[in-house]
Amino acid sequence: MPADLDPGVAEHRITLLETLDRVLNKGVVIAGDVTISVADVDLIFVGLRLLLSSVETARGLRLGREL
Amino acid sequence: MTHESGALATPAAGNRVGWYVYGVVPWSVEVPVTTGIDGGRPTVFIPEGPTMAVASPVSLSVFDSEPLRRNMEDPHWLTEKVCRHEAVVEAMMAMGPILPMKFCTIFRSPDAVRRMLRENALGFQEALEFVQEKEEWGVKGFAHRGCLREAVLRRDPELHEMAERLATSARARPGSAFLLKRRMDDLAEQRRMERAAELIREAVEALRPSVVQLAINSPLRVRGTNTDPSASAVGGDPGEEIMLNLACLVLRQEVQTFLAEVQRWNEAVADQGLRLVASGPWPPYNFSPRFGSDAG
Chain F
1 MPADLDPGVA EHRITLLETL DRVLNKGVVI AGDVTISVAD VDLIFVGLRL LLSSVETARG
61 LRLGREL
Chain C
1 MTHESGALAT PAAGNRVGWY VYGVVPWSVE VPVTTGIDGG RPTVFIPEGP TMAVASPVSL
61 SVFDSEPLRR NMEDPHWLTE KVCRHEAVVE AMMAMGPILP MKFCTIFRSP DAVRRMLREN
121 ALGFQEALEF VQEKEEWGVK GFAHRGCLRE AVLRRDPELH EMAERLATSA RARPGSAFLL
181 KRRMDDLAEQ RRMERAAELI REAVEALRPS VVQLAINSPL RVRGTNTDPS ASAVGGDPGE
241 EIMLNLACLV LRQEVQTFLA EVQRWNEAVA DQGLRLVASG PWPPYNFSPR FGSDAG
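Residue numbers (my numbering), protein chains in the order written: chain F, 1 to 67; chain C, 1 to 296.
No wet-lab data here; the hints were simulated from the structure.
Where a beta carbon is used, it is the ideal one built from N, C-alpha and C, also for glycine.
Check the hints yourself; a few may be wrong.
[What the hints assert, rightly or not] Only part of the chain C face toward chain F is listed, based on derived beta-carbon distances under 10 Å:
no., residue
1, Leu78
2, Ala170
3, Arg173
[Said to hold, decoys possible] Residues of chain C clear of chain F, computed beta-carbon distances all greater than 12 Å:
no., residue
4, Trp27
5, Pro47
6, Glu86
7, Asn217
8, Arg252
[To be verified] Over the 12 Å line for every Cβ pair with chain F, so calculated as not near, a few chain C residues:
no., residue
9, Val29
10, Gly49
11, Gln253
12, Ala270
Isolated chain F, as found in the complex:
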C-alpha cells in the first residue's frame, strides 16, 4: 500500500470501515427464532481484516459518499 495515500482514498477507507461497523453491528435487530440465525461475528476484528485485505473490492463498489 503506498505510504502517501491521497486524501480521497483515505476518506474512502474511513467510509468502508464505518460502513462495516454500521451494517454488521447496528441497525434494527429482530431477536428470537423468527430469523435465520447468524453466528455473532467479531465485527471489529473482521472489519479491519477486511479493510486491510480488500480495499480493491470496495473501491469497485464505492458508495459514492465523499466528504
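Got chain F sorted already, so can you dock chain C onto it with the hints?
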C-alpha cells in the same frame, strides 16, 4: 426468468429461498427498485399496516445459517455483501425515512416478514417518526501523540520545571538526569492521556447542542496487536490514534450548523493534537430499535 449469473444457481438447494430484509419504511413512501444483495434479484416490498419491509429473495444455499457462517469468513464476500446491503438502504434513504436492518436479517417466508412487522408495528412507527427529517452523522476524534505531548509539555508547570532541571543536570550528573528523564516521560504520558480524555469530553459537549441524540461508540481499534495501527486503518494519519467514535442524529435543517461546529472546534484546538472528522449522511443505524428481547 431472471438473468442472474451462475453463482446462486446451485441445483440442490437453489430453489429454496429466504427473504432478506434491508429496512423498514412507511407504507406511503415511494421506493426505487434496486438490485438485491445477491446481485441479481431486484428488491420487492412487503407491506403490512402502516409500514413495509424492503426485501429481496436470496438463495438459502448461500444465506442459510451454515453456508452463511462459512461465507462470512471470506473478507471479499462479506465486504461486497455489506456494500450491497448499504447501497439498497441508501437508495431508499433518498426517498424518505428508513430504519435499516442489521446485516443478514433473513426470514423463511414473506408471511414471516409480515408477522414481524405486525408484532413490532408500534415500535416501527414510533422509530420512523423519530428519525424523520434527521440524518445520522459519524464523528471520529484522532489524537496525535506527538502534538498532544508537545501541547502538554508547553502548558503543564510541573513538566516545565522538570524539563528545565533536566536541561541543567544533563551534563553535570548524567545518572540522575537519566532517572529524571524517565520520570518526566512517565508523567508526560499520564498528562497526555488526561488531556486527550479532557479534549474528548469537550468535543462531545461542543457538539451536543447541535444534535438531537448522541451515541458514543467504542473507537474502531485493531485488536490483538501491541502497537496501535488503528488510526491509520480507520483513516487517521501516522502517529495518530483514534480516541472518539460518535454517532450523531442531526436534524436535516441543522446539518450545516453541525458541520460548522465540527470545523469551528477543529480550528479552536488546532495546536492541541486532537482533530475531529465527520462523515455522513448515514442511514440511522445507530438510532434504530432492537426488538424481541422481552417481546413475546
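Evaluation of the provided hints:
{"no.": "1", "hint": "Leu78", "verdict": "6 Å, holds"}
{"no.": "2", "hint": "Ala170", "verdict": "35 Å, violated"}
{"no.": "3", "hint": "Arg173", "verdict": "42 Å, violated"}
{"no.": "4", "hint": "Trp27", "verdict": "17 Å, holds"}
{"no.": "5", "hint": "Pro47", "verdict": "17 Å, holds"}
{"no.": "6", "hint": "Glu86", "verdict": "5 Å, violated"}
{"no.": "7", "hint": "Asn217", "verdict": "8 Å, violated"}
{"no.": "8", "hint": "Arg252", "verdict": "16 Å, holds"}
{"no.": "9", "hint": "Val29", "verdict": "16 Å, holds"}
{"no.": "10", "hint": "Gly49", "verdict": "16 Å, holds"}
{"no.": "11", "hint": "Gln253", "verdict": "19 Å, holds"}
{"no.": "12", "hint": "Ala270", "verdict": "18 Å, holds"}
Comparing the model with each numbered hint stated earlier shows that hints 2, 3, 6, 7 do not hold.
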